Amino acid sequence: MLAGVSVDYYTRLEQGRERNPSDQVLSALARALRLDAAATEHLYALARPWVSENKDAWEADRISPHVLRLIEYMEPMSAFVVNRRLDILATNRVARAIFEGFEYNTNLIRLTFLDPAAHEFWRNWEEEATANVAHLRAAAGANHDDPRLRELIEELSRGSDAFRQLWARHDVQVRTSGFVRLYRSEVGQFDVWHEALRFESFPDLRIFSAAPEPGSPSESALAKLCAAKQTEA
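Throughout the sequence shown, residue numbering follows our numbering, covering 5 to 237 in sequence.
Derived from the structure by calculation, the hints contain no laboratory data. Computed from a predicted model, the values in this text were never measured in an experiment.
Pair ranges (Cβ atoms, derived):
1) 5 / 193: 50 to 60 Å
2) 16 / 221: 55 to 65 Å
3) 158 / 206: 20 to 30 Å
4) 105 / 221: 20 to 30 Å
5) 218 / 14: 44 to 54 Å
6) 6 / 189: 44 to 54 Å
7) 70 / 173: 37 to 47 Å
8) 105 / 202: 23 to 33 Å
9) 120 / 70: 35 to 45 Å
Note that the Cβ used here is the ideal one computed from N, Cα and C, for glycine as well.
Let the hints inform the model, and build the full structure from the sequences given.
Spelled out as structure tokens, the structure:
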């Protein structure tokens with residue numbers, strides 16, 4: 005009633021028997037279901053799946069030298085580039101110091117659910133885990149036929165009960181900003197504020213940048229961690 009569509013039509017949509025809803029119907033459903041911006045975008049992506057004519061582009065994930073220089077220039081902030089699968093494609097020196105030593109430090113969501121050290125590393129692990137799964141759900145909605153994404157979801161489902169439970173919730177959220185609370189044995193606890201920066205030229209890629217409060221104990225801890233890792237190298 006709130007969306008202005010019949011029960012029969014809505015049932016056909018849910019069952020996949022109606023595959024061409026109009027933008028007006030999608031907008032009405034988003035309002036009736038009180039979807040936020042991320043969930044609304046996910047709804048449109050499900051109804052209008054993007055099909056690449058060039059499958060090689062899915063495998064590219066190549067970072068230009070300009071982007072590599074950009075994230076290096078962002079120091080002393082941490083900065084790294086991820087794709088929709090949360091593969092870590094490039095890091096600057098600060099990000100490398102933060103992630104160094106973990107078994108699964110080439111993919112954020114594998115690190116979250118498959119690395120034994122993840123619960124200690126992220127002091128707000130449950131929040132991170134929930135956000136990462138919701139981000140992956142949003143990516144999966146628009147990219148049904150990405151085999152590497154399907155393989156990742158299957159691997160995580162086999163390896164983690166926590167992932168399976170969160171995946172079954174169907175939460176949708178694109179990561180944008182927030183506090184991340186970290187721990188490294190070398191320096192103890194430190195907190196950073198992160199922002200996700202989207203590429204206009206390739207929307208599937210994002211820069212995750214993070215920095216502690218200036219003059220805070222977290223800033224000192226992060227600087228010590230970077231110095232220690234540089235000395236080891």
